[in-house]
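Q: Assemble the complex: chain S is given as a structure, and chain D must be docked to it using the hints.
Listed below, chain by chain, are the residues.
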Amino acid sequence: MLEIGNLSHTYANGTVALDDVSLSIPRGMFGLLGPNGAGKSTLMRTVATLQAPTAGSIRFGDIDVLAEPDRLRRTLGYLPQDFGVYPRVSAYAMLDQMAVLKGITGRSERKAVVETLLNQTNLWTVRDKSIAGFSGGMRQRFGIAQALIGNPELIIVDEPTAGLDPEERNRFLNLLAAIGDNVVVILSTHIVDDVADLCPRMAVLANGRVQLEGRPADLIASTRGRVWSKAIGHAELEQYQASHEIISTRLFAGRTIIHVLSDSQPAGFDPVEGGLEDVYFSTLSTLRRAA
Amino acid sequence: MLLGIARFEIRYQLKNPVFWVAVAIFFLLGFGLTASENVSIGTPGSVHENAPYAIAIATSIFTIFYLFVITAFVANAIVRDETSGFAPIIRATRVSRYQIVLGRFLGGVTIAWLGYLAIPLGLAVGSSMPWVDPETVGPQRFSYYGWNFLLFAIPNIFLTSAILFALATTLRSMMASYIGAVLLVMGYLVTTSVVGQKIEYRDVFARWEPLGNGALAQATRYWTQAEMNGRLVDFAGTIAFNRAWAIVLGFVFLGLTLWRFSMTERAPSRRKLRKLAKRAQREAKAAAIAPDLGGAAIVARDQRPSRLTQFMTRLRVELRQVLTSPGLIVLALFAVANTAASLWLGENTYGTADYPTLANTISTVRNTFAAVLLMIAVFYGGELVWRERDRKLNELIDSTPVPAWAMTIPKILAIFLVLVVVNVAAMLTGIFYQLVNGAQQIGIPQYLAWFILPAAIDGLLIAILAVVVQVLSPNKYVGWGIIFVWFVGTIFLANMGYTNPLYIYGAAPGVPLSDFVGVGSFWRGAAILQFYWLMCALILAVLAHLLWPRGTDLGLRTRVKRLRRPGNRLPYAIAGVAAATMAATGAYAYQNIKVLNRYVTSDMAEKESADFEKKYLKYERLPQPSITDVKLDIQLFPRERRLVTEGRYDLVNKWDVPIRDVHIRQGEDDASYTRLHLAGARLVSNDDRFKYRIYRFDRPLMPGQTTSLTFRSELWRRGFRASAPATDLLENGTFINNFSFAPLIGMNRQGLLSDRAKRRRQGLPAELRPAKLEDMRATRWNYVGSDWVRSDIRLTTDAGQTPMAPGNRVSDETRDGRRTARFVSPAPILNFFSVQSADYKVAKRNHNGVELEVLYHPTHSWNVPKMLRAMGLSLDYYRQNFGPYQFNYARIIEFPGYQSFAQAFAGTMPYSESIGFNANTNDPEKIDFTTYVIAHEIAHQYWAHQVIGADMQGGTLTSETLAQYSALMVMKHLYGPDQIRRFLKYELDAYLSGRKGEAVEELPLNRVENQGYIHYRKGAVVMYLLQEQLGEAAVNRALQRFVAAHRFGGPPYLRSVDLIAELRKEARPPEQQRLIDDLFERITLYDLKVTDAVTRKVGNGWETTLTIAADKFTADGKGTEKRTAMAEPIEVGLFTARPGLGAFSTKNVVLLERRPVRSGVQKLTLRSATKPTFAGVDPYNFRVDRISDDNVKDVTAPTS
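Protein sequences appear in the order of chains S and D. Numbering follows this note's numbering, with no gaps: position 208 of the first sequence is 209. Numbering follows this note's numbering, with no gaps: position 109 of the second sequence is 142.
Just so you know, the hints here were simulated from the structure itself, not pulled from any lab data. Some hints here could point you the wrong way.
Some, not all, of what chain D presents toward chain S, calculated at C-beta under 8 Å [unchecked claim]:
1. E316
2. A319
3. A320
4. D325
5. L326
6. R334
7. T346
8. L429
9. I430
10. S432
11. V435
12. D586
Ideal Cβ positions, reconstructed from N, Cα and C, are used throughout, including at glycine.
Pulled out of the complex, with its shape left as it was, chain S reads as follows:
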């Protein structure tokens, strides 16, 4: 559905944000995972017609996005990573305005859309409050409400769960999950669990390149039997780093749990059922080593 071909972008200051990115994204939820600064937002903004790439092509269905941005905009829902609002404007008024801008100009149609979305995102009771006073979760729900106006076929959601508390995050992911499988939803995030929870397909973007692409299950399967873990003391970490390929570390009850990647079981390590997180971190650690 969304075909990104050989997309590259270099900023005026020389930063290479995208380096020959090609992706084919079908209908359904697509997770774009990557660390901060990987080029995710550049990719999202480029697809959302907010900036033109240095080279490459983007097609959505029969739309050549770079040549006819307005055609894409008609069927686009976009939730930017960070957005603000006008002062002294309520959620209802702002959503109503966005509906007009997206082309829903009939008054009664608009009323139905706006109120449905406010209800759907649980913002109905606070619809008359100024958005400027919303909490982070409410604000993100408003963001997704405006992205859903007019049933877009392409929805781009950039880092939506950053900074949300677990409950809010959960609520937000449920909203996303309800969008359905008939549209393309790109969820860009640096939180592995978001993708793991929602996306049948995903890619890992780092250093401006696609490092990995596929179904989370397949990717997880590829690491099966190669990830091992061990609980170590805090002081031992450096020593293990020298001798093993550590892909992640986390703390548990005051001990450091390390995951390493190895084809055979290293001494003293226990096998673990690899998760998406291990896939992601092993990709990044490979990159780090290469650098």
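A: Chain D only, in chain S's frame:
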């Protein structure tokens, strides 16, 4: 710690772009002031661009406007922590609030001082530019800049920083601080213009006005040119007090800040809590309503018809944002205050208020704040264009399919609306003013047509410019900077004489207003140019649409690439049509400006005038025949603005040599002479560039021999000009003098360059001074440059108008829609007169055989009875004391108020709509300016129209000075001698400030070189003292003999010494002869002062002892003074009110007598029956005294 915080603050602000933008702006201000010779603030022409006085004024004045910059530094230092969210971190450190406040303040004020160095730097660099005339630049001394910076900039900036610090602490918001700063500046300007102008508050104002402008004015009030160019302001007296006061005040505000500044967050007030509760209730109610579901299936169909709704929605959003922004109310209030200030405080020449004529009121309203409107547009331009990005909304909106124009145009319209609101607020203020002041006509349609509509178009033009510039600029501040540079650039261009509206965005020819014709036909030119610029603005708007900063990668280059998108065909088509229309309109305007009219830049005009002088001034003293008879048949076509004249001059050779060549000039280049025939002569040279023709007699014209000149001229005011239109020929209210339509014989100096700098630049001698008093050859010409002639003038105009020319009206008939009147003068008149024609109302009165007439616009009847009375009173006095009046009529004829003067031609006195006719002179505390001016003009029927001085030094003494004297006598008899101080004080102040601006040489009265401040101002004071000392009757006897001896005399024409000789005959004691020396042949200054006045009761009466300090000086032409011994009788008086102020009148005079006063300090004792409260020496200011206010002092009781 303190210094650490201050250092951080300085480093932080040095990286702030606002600092550098401000430095650039203030540098440019200083630079422009000295680098451009036409820009100056409060410094007279002869003062050097870099004189310490000019530097002092600039340094102190600009601190007011620097307030806005300080807001950025100082308010930012206070508000920054809150807005950036850094406050909790700071609060958690061990820094105390004193350290924070003082450290930040120290840093802020230091950076403010540093930034303000841009002013002296700009002044210094500007005055060093190679194009600045070296004569206008003095030596560059560091002390001139440094001392004034120390004296004015340091304390002022300290004070204003402290005030803003306090303001920001209280308001805790950047925006509120800015609004506060605007209000402060406004308030300051309004108060100073109200209080600072009143003489009675001058001392108080000078002491307490915290920015030191009043103190500076006080300290330098009577400085001479030499002092202004070379003297530093002394740190003493009022200045020292005032500067100390500024610093003390600064500390008070700083203390206030320390007291108010709080490091903790504020709890909501009780009112706020109530509001919150109410809102919660409202929300609960709203939440209970169920949503209207069913929109889940609706698909966005963005189509062409949606555009209008999108546009309207955006427009609503923009309007709501603008209308609910607190700034708008402030701006509207600002407009109201500003307009009200200029309406109520704008005063006429003699400090009298005006009756609100419609044209004047609308002119004032409309001219008040063009620059302010620009500021508003520019401010909102930045705010609106950047709003989505500032609020981080841009990504949401930019990814919707809304076209760019639906974003840009609403922004333009929102700014436009703000401007219209501000203008309407100003209009309502004007209407209110008219209602309060008894307007005869309110004229709402005129307001709309003359002001609101054109101003709206102007507003649209600047709104578009403001938006486009912001669209193209990489950030708000650069955008603001660009517009500022553009604005300053247009001012510079205008100063350099480049004023063609075809290349200055938004410029249009001026549309002067008059009640006679309203906007006349002048509006057409303005409308065409506005249309031309609207087309340009349309192209700019298309550009704004195409280059709209949409998305997140906004380099200009990236955006320019978008111009090639295929969807842009319609915008390009619109731009193309606009460009074509603009070109066509421009071509039409060009034809009007350059083909039907002449357009010259001031540089070109200057050069032309210089070339003319170089080529022809040598003929100035060439013997030429004199005109003895003038016969004119003038056809005026008001609607066409066309004047056709057929005329004949009879000429005679009054010289004792034959005349071979006659030089004939035009006073008006645009007049075309289709016939110009001098009997017995042929044209030998016809210089079309300078319209200078030389005719040569076949046989030279012998002494006493006569000839004649017949001519036909046409003057047609067609189309429109680039700037100010010609206002002489009008649909109604034509006022034109004969130089414009009849030929001039011989060369004279009219219209030659007089400005020293310009003359030098053109390679001419710096000064073109009149002939010396001793140059008897010059008595062949009078200073008006016209002969005594008999006149016979037929003037034909449209039937609805009254034709007017000098002379007895011997016939007046209307035929075929045309009215013809013939005027024949019963006595010789000067061949310099005007003809007028308008739809007049006429007030008539026969007064002792003279027919008095006032012809006026029907709605301007306020002063007409007073004018008739003034004419009668004046004529009575003059006929009784000076001699017979030569006409049996006297007419005052109103003319449109494009110019503000009154003029005396033979028996007819054109008088401007905008001075006498609308002056409200009924306030007994103000000067009765209407009567005063009429008395002056009627007096000219003797002084100029019966006796006229030669074209040499002292030439104007016998006309202007004597007219002033005559008018003062009329006023004295009308209002009583005790009221006269008002007039004298006014004249005295005008003289003293006039001599301050003298660029060449101040001369005594007998050698006055047409210097207004001498022959009018000093003349009035001098003549009044003369009649006080010699007696009114004696002076009048001398004048009567003088008129009789020189009536209609010349050539040779009389000299100033002829008058002085007559006056000397009346001066009996030698001290009166010495007085005449002092008054007419020297520049004499007194310094009289009551230092102490004590009264005590003695028996039935009061004994008052005055301590008087007296001094007398003579000055040379450059203002250098020499003390001279003084011993002469001077008036001393006791009063119960301060002379010349309030309702002072005869009943307040306890005693007034003349006592001998000598140089130095002395005591005088005066006895009176009642108790005095004021005592004075020369209390009515008969003498020229640089500090005239200390002549009178309040009387105190003895200290026991």
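Q: Does each hint hold? Answer for all of them.
A: Checked hints:
For the restraint placing E316/D at the interface with chain S, the shortest Cβ-Cβ distance is roughly 6 Å, inside the 8 Å limit, so the hint holds. Look at A319/D: its Cβ gets to within about 5 Å of chain S, closer than 8 Å, so that hint holds up. Hint on A320/D holds. Least Cβ distance to chain S is approximately 4 Å, under the 8 Å limit. Hint on D325/D holds. Least Cβ distance to chain S is approximately 4 Å, under the 8 Å limit.
At its closest, the beta carbon of L326/D sits 5 Å from a beta carbon of chain S; the interface hint therefore holds under the 8 Å criterion. Annotation: interface hint on R334/D holds; nearest CB of chain S at approximately 6 Å, less than 8 Å. Taken as an interface hint, T346/D checks out: its beta carbon lies about 4 Å from the nearest beta carbon of chain S, inside 8 Å. The restraint placing L429/D at the interface with chain S holds, with a minimum CB-CB distance near 5 Å, inside the 8 Å limit.
Restraint check, I430/D versus chain S: the minimum CB separation of about 6 Å is within 8 Å; hint holds. Proximity of S432/D to chain S holds as hinted, the smallest CB-CB distance being about 4 Å (cut-off 8 Å). For V435/D, the interface hint holds, the least distance from its beta-carbon to any beta-carbon of chain S being 4 Å, beneath 8 Å. Contact between D586/D and chain S, as hinted, is supported at the beta carbon level, the nearest pair being about 4 Å apart and thus within 8 Å.
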